[in-house]
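Novice: Let the sequences and hints guide you as you build the complete structure.
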Amino acid sequence: MTTQILVVDDERHMLRLASYVLESAGYEVLAASDAREALVFLEAESPSLVLCDIAMPGMDGLELLRTIRANPRTTDLPVVMLTARGEDRDRLQAAAAGANGYLTKPFSSAEVLSEVAHHLSTVGGERGEEK
Amino acid sequence: MTLPRLFRSKIGQRILRLMLLVSLLPLLVLGLYALRSVNAITTRSIERQQELLLDELRSRQLEAVAGQAALIDQEFAYIEQAAGTLEDFCTLLYHHPERFTPQVYGGHYEQHPTLGVWWAPEDAGHSAIFISTRATVDERLMAKVYLSEHMDFWLKQIILNHPNVVSAYINTEDNFTRLYPWFSVEEAIEYGILVPDSDMHDPAYIFYWLADAEHNPERTQVWTDVYLDPVGRGWMVSCVSPVYLPDDTLKGVVGLDVTTERIVQNVIGLEFDYPSAYAFLLSSNGQVIGFPERAAADLGWREGMALSDLVISQSDSPVLRQIATTMTAHQPGQQEVILNEQQKFFFYAPIPTTGWSLGFVVPLDEAMESTHAVSAETRAEMVRLRTPLLVGAALTFVLAALVSVAFSRRITHPIAELAAGANALAEGDLEARIEALSQGDDELADLARTFNMMGRRIQEDITRLQELDRMKDEFISSVSHELRTPLAAIMGFVEQLQMGRPGPLTDVQQEFLDIIAESARRLHLLVADLLDVSQLDTGRFTFDFTSLSPSPLFRERAEAIRPQAEQKGLRLVVDVADDLPTVTANADRVKQVLDNLTSNAIKFTPAGEAVLMRAFAVRGATPHDWHAGYPEGLGPSPNLGSGDWLFVSVTDTGPGISPQDLPRIFSKFHRGDLATRQAAGGTGLGLYICKGIIEGHGGRIGIHSLEGRGTTVWFALPLGGPTQYCPDTKLV
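Going down the list, the sequences are from chains V and E. Going by this note's numbering, the first residue of the first sequence is number 1, and it counts up by one from there. Going by this note's numbering, the first residue of the second sequence is number 1001, and it counts up by one from there.
A couple of the hints might just be wrong.
[Said to hold, decoys possible] Straight-line alpha carbon distances no greater than 25 Å define the calculated DMTMM-like cross-link-like pairs of lysine to aspartate or glutamate that follow: (1) E:Lys1472 to V:Glu87; (2) E:Lys1668 to V:Glu63; (3) E:Lys1472 to E:Asp1441; (4) E:Lys1568 to E:Asp1514; (5) E:Lys1591 to V:Asp90; (6) E:Lys1591 to V:Asp88; (7) E:Lys1591 to V:Glu87; (8) E:Lys1472 to E:Asp1514; (9) E:Lys1668 to E:Glu1559; (10) E:Lys1668 to V:Glu87; (11) E:Lys1591 to V:Glu11; (12) E:Lys1472 to V:Glu111.
Calculated directly from the structure, the hints in this document are not laboratory data.
Specialist: Here it is in structure tokens:
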């Protein structure tokens, strides 16, 4: 079974780029163009990791993150923030909301893949221990 | 404005001084003049008063001395008249003896058995007679003696009427003497007062001799010098008068012996208004006859001196000799003399009958003292006159001072208010306005209103500019964020294409993609720099300080940049010690600075040259040789003060920077001339950001460049940890 990754970005081209990079690496991508759509995916599917933009119309990435953490089913789900805002303040805010990783735009494909692999292996190890 | 503030105000002091000068100087001059006038008038009036008083005193004393002298003279004149009357009678008696009955009293006269002189041995209440042994006692002489009994009536009358006359007598040329009152000739001879064989023509018989034709050709009454009475009645003087017959024969002299006792007592007892003043009597030959005890010192009297010794005409003292001369000149007068070391008024008047003089001596100070009371009154008057003057002056002074202070405050208060407003504005209080002053209607109020208007405009402008600045920062921040997303898309897809994921590319496609990638990368750098600048300018730039080991970090950065240098044909020389002390710093930011400096150096240095990266510790206490280790002329000369620093520098041997560009090298968007900028392809924000980062660490940054030689850019981080850094507040 291929690993499912939920990518959330209101920017159509970014969503496409992230999906392309992840799919090229063999992951299955759930592409959501806003938080509402993401929450529908989370309800219906069980992605192993979420790659999430912060600045989005309607519910923003941090709000979505808090919702994920508030839900017992997804509270341990690794969430990597992918954003154009790279200031320390923003990183701190994300960490406080429970983000596992933080990537700033622009990013290289290697960067994204290594970050994703890192969080998946950590979670996978933890899950393995649980089993 | 409070008084102390007024006195601190320079303008206030100046106005105060001027006002006081203008108002007080005339007051002072007038006041001094008035005071001087009052003083002068008073002094003159006192002097005048004293002069008048002294004049009056002098004339009074002169009058008094003349009056006293006249009284004494009158007494002597009476005696002289009496002597004249006696003389007339004697002339009649001896010219016309036939008219007088001889032996009218039947007096008894006999020759002394042992002495041989003739005398009247019994006191029958008549005169005494004395015929010396020189006389030829015959009937003619005896007839004369008997005839002389008629004289007793006159002699008694004279003695009775003139208390100062103690005896009256006649001495005839044939050595017969009749003298009233009676005395014992025997005893007189025994006591040596009379000589038995005396001769009237002998000069020793002054009574006779004085009056004779030779010595008294006018045949008037003459006075003897004073002499001490042989029987102890003090100073005596005699008035003698020659008795001539119509045939010009001198029959004898009549004489009156006068005691000066009562006159002297009168003179001594004269009372004066001045305690030390006194009167004294002087005979014609300068013999002091009468003087009170208090005059003794003045007149040269000494204890144990005989009375007859006090002859001031022969005194040792020139003053006394002069007094004697003056007095015997027989003119009344006055002088100021110094007697007994004291200044004295000396008044004198003659007693013409005897040739004597009377003198008054009044000490000057005592005389002046009597004028002092009057002077004191005048002086008190002056004080009364001066007091309102002084009080008036003082009041005027206070008034002038108050007016000056008030006036000065009126002027300086608004100026101080203006200054305070301007200072507040200068210190950044844009709300500063001058409220109270602007209500007025004078030029200063105009100035205040203008100031307020200016303040309002500045505030509006600055507020507007601040708003614009804020908007600009927000804009930059927002734009750079917004740019990132499309940039990310461009860079991401380009990367995918370059990697050949979507499919193989031709060489030209690959080349074009490389160009797109490089352009995107530059755009990304520009966006990042813009964001940094915006954060630096708005103070949102934060530092994450940790303990940092510089040596590994710097080596790592050197190795990271080395390929870039070598690709350009440059040598990268790294001189970084292994044991650099740790610093507290934000590692990413320090890295950013170092990367910026090294990439700049590589960018600006042509192929074949070298880039030198150095890092070492500098101890403020130890002198450092800034030339050592650097290419010649490129050693920096930082002014680091006394602290300890981690010093980092990057030196290139490129073209250098022109001196006119150096001062602006750390400003925003500066990158030397246009050609260099185009060649370099940077954003021009790098050094500005570096400066912000280093200063955010409490460090220093600087540049040293020689045109044509190269450039050294350096920064220093404090080894003691970052200190609070407050960048200059910039309004725009």
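Novice: Which numbered hints are broken by the structure, listed smallest first?
Specialist: 2, 3, 8, 9, 11 and 12
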